[in-house]
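**Student:** One letter stands for each residue in the lines below.
Protein chains: 2
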Amino acid sequence: MEFLYRSSANISDSDLIELNELLVDYKAHLVRVANRGGYEDKESSINLPVDEVLLRDVLAASEAKSERALKYIIVIGIGGSNLGTKAIYDSLYGFFDQFEPDRFPKVLFADTNDPKTITKLTDFLITHIQDPSEFVVNSISKSGGTTETIANTEFIVGALRERFGDTVYERMVVTSDAGSPLWTSAVERGITTLSIPKNVGGRFSVFSSVGLFPLALLGLDVRALREGARAMRKRCLSEPIQTNPAMLSAIILFSHLKKGKTINDNFIFHPELESLGKWYRQLMGESIGKEKDWDGNIVHTGITPRVSIGSTDLHSVGQLYLGGPQDKTTTFIYTKRVASTTLMPRRRLFPDLIESLHDKSLDQIMRAILEGTKIAYLKNKLPFMEVILPDISEYSLGEFLQFKMIEMMYLGSLLRVNAFDQPNVELYKIETKRILEEEMS
Amino acid sequence: MEFLYRSSANISDSDLIELNELLVDYKAHLVRVANRGGYEDKESSINLPVDEVLLRDVLAASEAKSERALKYIIVIGIGGSNLGTKAIYDSLYGFFDQFEPDRFPKVLFADTNDPKTITKLTDFLITHIQDPSEFVVNSISKSGGTTETIANTEFIVGALRERFGDTVYERMVVTSDAGSPLWTSAVERGITTLSIPKNVGGRFSVFSSVGLFPLALLGLDVRALREGARAMRKRCLSEPIQTNPAMLSAIILFSHLKKGKTINDNFIFHPELESLGKWYRQLMGESIGKEKDWDGNIVHTGITPRVSIGSTDLHSVGQLYLGGPQDKTTTFIYTKRVASTTLMPRRRLFPDLIESLHDKSLDQIMRAILEGTKIAYLKNKLPFMEVILPDISEYSLGEFLQFKMIEMMYLGSLLRVNAFDQPNVELYKIETKRILEEEMS
Numbered sequence: 016m017e018f019l020y021r022s023s024a025n026i027s028d029s030d031l032i033e034l035n036e037l038l039v040d041y042k043a044h045l046v047r048v049a050n051r052g053g054y055e056d057k058e059s060s061i062n063l064p065v066d067e068v069l070l071r072d073v074l075a076a077s078e079a080k081s082e083r084a085l086k087y088i089i090v091i092g093i094g095g096s097n098l099g100t101k102a103i104y105d106s107l108y109g110f111f112d113q114f115e116p117d118r119f120p121k122v123l124f125a126d127t128n129d130p131k132t133i134t135k136l137t138d139f140l141i142t143h144i145q146d147p148s149e150f151v152v153n154s155i156s157k158s159g160g161t162t163e164t165i166a167n168t169e170f171i172v173g174a175l176r177e178r179f180g181d182t183v184y185e186r187m188v189v190t191s192d193a194g195s196p197l198w199t200s201a202v203e204r205g206i207t208t209l210s211i212p213k214n215v216g217g218r219f220s221v222f223s224s225v226g227l228f229p230l231a232l233l234g235l236d237v238r239a240l241r242e243g244a245r246a247m248r249k250r251c252l253s254e255p256i257q258t259n260p261a262m263l264s265a266i267i268l269f270s271h272l273k274k275g276k277t278i279n280d281n282f283i284f285h286p287e288l289e290s291l292g293k294w295y296r297q298l299m300g301e302s303i304g305k306e307k308d309w310d311g312n313i314v315h316t317g318i319t320p321r322v323s324i325g326s327t328d329l330h331s332v333g334q335l336y337l338g339g340p341q342d343k344t345t346t347f348i349y350t351k352r353v354a355s356t357t358l359m360p361r362r363r364l365f366p367d368l369i370e371s372l373h374d375k376s377l378d379q380i381m382r383a384i385l386e387g388t389k390i391a392y393l394k395n396k397l398p399f400m401e402v403i404l405p406d407i408s409e410y411s412l413g414e415f416l417q418f419k420m421i422e423m424m425y426l427g428s429l430l431r432v433n434a435f436d437q438p439n440v441e442l443y444k445i446e447t448k449r450i451l452e453e454e455m456s
Numbered sequence: 016m017e018f019l020y021r022s023s024a025n026i027s028d029s030d031l032i033e034l035n036e037l038l039v040d041y042k043a044h045l046v047r048v049a050n051r052g053g054y055e056d057k058e059s060s061i062n063l064p065v066d067e068v069l070l071r072d073v074l075a076a077s078e079a080k081s082e083r084a085l086k087y088i089i090v091i092g093i094g095g096s097n098l099g100t101k102a103i104y105d106s107l108y109g110f111f112d113q114f115e116p117d118r119f120p121k122v123l124f125a126d127t128n129d130p131k132t133i134t135k136l137t138d139f140l141i142t143h144i145q146d147p148s149e150f151v152v153n154s155i156s157k158s159g160g161t162t163e164t165i166a167n168t169e170f171i172v173g174a175l176r177e178r179f180g181d182t183v184y185e186r187m188v189v190t191s192d193a194g195s196p197l198w199t200s201a202v203e204r205g206i207t208t209l210s211i212p213k214n215v216g217g218r219f220s221v222f223s224s225v226g227l228f229p230l231a232l233l234g235l236d237v238r239a240l241r242e243g244a245r246a247m248r249k250r251c252l253s254e255p256i257q258t259n260p261a262m263l264s265a266i267i268l269f270s271h272l273k274k275g276k277t278i279n280d281n282f283i284f285h286p287e288l289e290s291l292g293k294w295y296r297q298l299m300g301e302s303i304g305k306e307k308d309w310d311g312n313i314v315h316t317g318i319t320p321r322v323s324i325g326s327t328d329l330h331s332v333g334q335l336y337l338g339g340p341q342d343k344t345t346t347f348i349y350t351k352r353v354a355s356t357t358l359m360p361r362r363r364l365f366p367d368l369i370e371s372l373h374d375k376s377l378d379q380i381m382r383a384i385l386e387g388t389k390i391a392y393l394k395n396k397l398p399f400m401e402v403i404l405p406d407i408s409e410y411s412l413g414e415f416l417q418f419k420m421i422e423m424m425y426l427g428s429l430l431r432v433n434a435f436d437q438p439n440v441e442l443y444k445i446e447t448k449r450i451l452e453e454e455m456s
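Protein sequences appear in the order of chains A and B. In the numbering used here, each residue carries its 1-based index in the first sequence increased by 15. In the numbering used here, each residue carries its 1-based index in the second sequence increased by 15.
Calculated from the structure, these hints are not laboratory results. Worth double-checking, as some hints may not be accurate.
[Stated by the list, open to error] Cut-off 27 Å, straight-line C-alpha distance, at most; resulting in silico cross-link-like pairs (DSSO-like, lysine-lysine):
1) A:K307 / B:K135
2) A:K57 / A:K249
3) B:K135 / A:K86
4) A:K121 / A:K86
[Claimed, not checked] Covered, in the sense of this in silico footprint (three residues per stretch, anywhere, with C-beta under 8 Å from a C-beta of chain B), are these stretches of chain A:
5) 120-128
6) 435-442
[What the hints assert, rightly or not] Over 10 Å on every C-beta distance to chain B, these chain A residues come out as not near it, computed from the model:
7) L19
8) S29
9) L31
10) Y41
11) A43
12) K131
13) E149
14) E169
15) T258
16) R296
The C-beta atom is built at its ideal place from N, Cα and C for all residues, glycine as well.
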């Protein structure tokens with residue numbers, strides 16, 4: 016993964032060096048967390064990619080549930096429990112599911128409790144599955160008490176049980192904090208469980224059993240994913256500021272936030288990476304969107320993350336970005352250019368329209384649009400960074416995910432907020448719970 | 016459609032009445048545009064739902080291309096050329112395509128020139144279509160010169176032609192401004208064309224042939240769509256401020272923008288409406304995201320639109336919304352509550368977990384989450400409006416789309432910007448064109 020910013024991020028070397036000073040201690044802390052290993056610190060998620068016991072457990076569970084007939088992995092989880100898995104699955108396969116109906120296994124995600132969606136999903140499963148070996152249900156809730164996940168598990172497993180009997184429990188895996196209500200109930204019923212280290216929060220859990228199990232079961236190269244993450248951890252913990260992508264990105268975002276750029280647009284030039292953007296939306300939204308700083312002062316701080324898809328969104332919000340309020344820092348995300356094989360058909364239907372398209376490949380056209388966009392941003396002095404993935408693979412996704420998680424830790428440190436909690440969502444949960452209890456008959 | 020704001024939008028009656036004054040003349044102008052009919056004004060899109068000639072032409076074209084065997088309507092267009100169609104299709108059907116593989120016809124959308132997507136799409140079509148009667152290609156570009164749409168048309172039609180010969184042209188419809196390069200080329204080749212009134216811009220074109228043709232071909236009730244739009248046009252042009260949803264929403268957004276709320280979050284509690292949110296994202300982004308006001312002053316104004324899905328995004332950006340910067344005005348969008356049939360299974364798998372879920376329906380759970388969220392917003396004094404659709408149907412989508420387009424006209428007037436142009440995107444287009452031409456061999 017390459018990270019570019021020098022000519023476009025509108026930050027001076029002296030600012031970089033000054034802000035870097037603020038991170039010296041925290042960087043040393045992260046190095047200590049990595050050296051110590053294990054899961055005793057809030058930042059311990061950085062140790063997941065080197066945890067061999069975790070890998071062994073996940074691969075064993077995956078092996079145990081694997082079947083040649085496997086068609087559907089049903090991931091029931093919301094927020095940190097499914098966004099990482101969905102990011103990786105959609106990037107590599109899921110976005111193209113519609114065009115590849117005969118490729119299996121597929122992952123189906125159930126997050127919210129939308130009645131229409133859940134009804135159609137269960138109807139589909141019951142019609143298209145002939146035997147329990149064709150599915151695995153993976154219910155994931157860190158706390159073990161997430162309303163949506165418990166409810167969806169009851170509905171979906173209930174429907175499958177009606178069709179296949181209690182044997183469906185053998186096709187279930189529950190992922191939760193060891194000892195949580197869900198975990199305990201699953202153990203009591205003899206359902207396979209996987210645990211999550213206490214200090215690894217949902218949005219930092221993609222490299223834990225939360226993400227690894229369904230991805231391994233799908234047949235993805237989870238070793239390469241971890242390898243990419245490890246390589247990136249090394250860069251982000253040991254490189255000096257000039258070549259450290261996580262520190263650079265955090266400092267650039269922080270510096271522009273201080274100048275009123277309250278939005279970070281992740282402008283991704285590959286449509287299949289939209290879910291990766293949505294994963295980051297949670298990571299940034301929850302980690303630094305905070306009412307209070309770590310001293311308890313009311314600060315209402317944060318950067319509002321966005322996901323845009325190139326070139327689609329140039330025809331949607333491009334006008335806003337180029338002409339509207341200058342309140343955004345942009346992160347362009349794309350892959351290294353590769354030799355393309357998809358050339359414009361020689362015999363064109365409309366040869367007179369845009370003659371410059373003759374003999375071009377789709378890739379060339381996309382590059383021209385991307386380059387044109389970058390030039391427009393430069394001319395308008397809109398600050399941006401560039402994240403260039405070598406390709407879209409397990410390894411490079413591992414790099415990206417780890418890069419962003421460490422970036423967020425640095426950014427939390429710069430903003431002096433706890434990047435690992437989410438206290439303000441409790442309010443709506445309490446109200447929801449009260450309403451559900453009042454309605455109990 | 017109901018519109019609620021009184022107890023939650025943090026706007027006083029006196030502010031409403033004062034800001035209403037600013038809209039008196041513009042409202043009278045819109046009434047004149049509607050009374051005059053036709054397409055002579057920038058606002059003429061409001062006359063599309065009463066245009067009987069348009070309806071006749073679209074239904075005739077749809078009738079001519081309709082086949083019992085029709086399986087795939089391939090919509091090639093980007094931005095205003097596909098977002099409205101996609102909003103309606105996904106809301107009613109598309110979001111569930113994955114779970115309903117045997118329901119036809121389906122709409123497939125090709126917008127950007129992503130090589131992987133377009134290759135997989137064409138491979139899919141060539142493998143899954145046996146006869147030209149099974150598809151219609153609808154290429155849509157208002158200007159007739161949109162790079163992505165011309166390129167995708169060449170690739171997709173080229174691939175289909177290789178399989179089925181020149182007969183594929185009979186299965187094509189081109190939608191464009193009459194006389195545009197694309198329109199002229201299509202006419203020359205005997206390809207069916209549909210035109211768009213000059214003064215109807217892409218983001219206001221959903222009720223023109225742009226949206227109506229593919230939706231009619233799909234078998235949707237386009238008459239009900241237009242009926243909903245007409246009822247809403249009447250409300251938004253004739254009702255006084257107190258009951259006029261478009262004026263109220265525009266004034267509330269404007270008033271909070273002046274107080275620093277630069278983001279409008281559309282928090283939709285139905286996942287299948289995400290594309291409807293993305294349609295609005297363009298409408299708001301392009302219409303009021305402006306460098307200059309109508310006197311030519313540099314203003315860099317606008318509101319940055321967002322789409323959030325409930326309850327999914329409560330587990331993602333909920334923390335940011337409730338605790339982070341107070342820079343957002345929220346529009347909750349949901350449907351009226353209906354009697355539910357999806358009750359929690361009597362025999363629960365985990366009866367001890369969240370006992371309040373016993374005997375609840377999914378709908379009840381979703382309502383409790385929505386109500387809990389609204390209470391949390393109220394307690395945090397976060398301003399919001401509520402848009403309550405009677406259901407998700409052609410009629411109510413027609414209402415919503417027309418409501419938002421007229422809201423945007425009022426908002427443009429309050430901000431003193433031209434809501435109908437998009438001058439700043441030209442810059443990247445010019446650069447892209449230059450790059451493509453330089454690369455010509």
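**Student:** Does A43 of chain A really sit off the interface, with its C-beta more than 10 Å from all C-beta atoms of chain B?
**Tutor:** holds, 28 Å
**Student:** Hey, does Y41 of chain A actually stay past 10 Å from chain B on C-beta?
**Tutor:** holds, 21 Å
**Student:** Between the alpha carbons of K121 of chain A and K86 of chain A, is the straight-line distance 27 Å or under?
**Tutor:** Cα-Cα ~6 Å, so holds.
**Student:** Taking 8 Å as the Cβ threshold, is the statement that the stretch 120-128 of chain A is covered by chain B upheld or broken by the three-residue rule?
**Tutor:** holds (count 4)
**Student:** Can we confirm that no CB of chain B comes within 10 Å of the CB of K131 of chain A?
**Tutor:** The claim breaks: K131 of chain A does not keep its Cβ more than 10 Å from every Cβ of chain B (closest is about 7 Å).
**Student:** Quick check: do three or more residues in the stretch 435-442 of chain A have a beta carbon closer than 8 Å to a beta carbon of chain B?
**Tutor:** holds (count 5)
**Student:** Confirm or reject the statement that T258 of chain A sits farther than 10 Å, beta carbon to beta carbon, from all of chain B.
**Tutor:** Answer for T258 of chain A: holds, closest chain B Cβ roughly 29 Å.
**Student:** For K307 of chain A and K135 of chain B, compute the direct alpha-carbon distance and say whether it is at most 27 Å.
**Tutor:** With a Cα-Cα distance of about 48 Å, the restraint between K307 of chain A and K135 of chain B is violated, given a limit of 27 Å.
**Student:** Do the alpha carbons of K57 of chain A and K249 of chain A lie within 27 Å of each other, as the hint requires?
**Tutor:** holds, 18 Å
**Student:** Is the nearest CB of chain B more than 10 Å from the CB of E149 of chain A?
**Tutor:** For E149 of chain A, whose nearest Cβ neighbour in chain B is about 15 Å away, the distance exceeds 10 Å, so it holds.
**Student:** Beyond 10 Å from every Cβ of chain B: is that where the Cβ of L31 of chain A lies?
**Tutor:** Label holds. Min Cβ-Cβ 25 Å, cutoff 10 Å.
**Student:** Please verify whether K135 of chain B and K86 of chain A have alpha carbons no more than 27 Å apart.
**Tutor:** Distance of about 21 Å is within 27 Å: holds.
Checked against the numbered hints above, the structure breaks hints 1, 12, 14, 16 and satisfies the rest.
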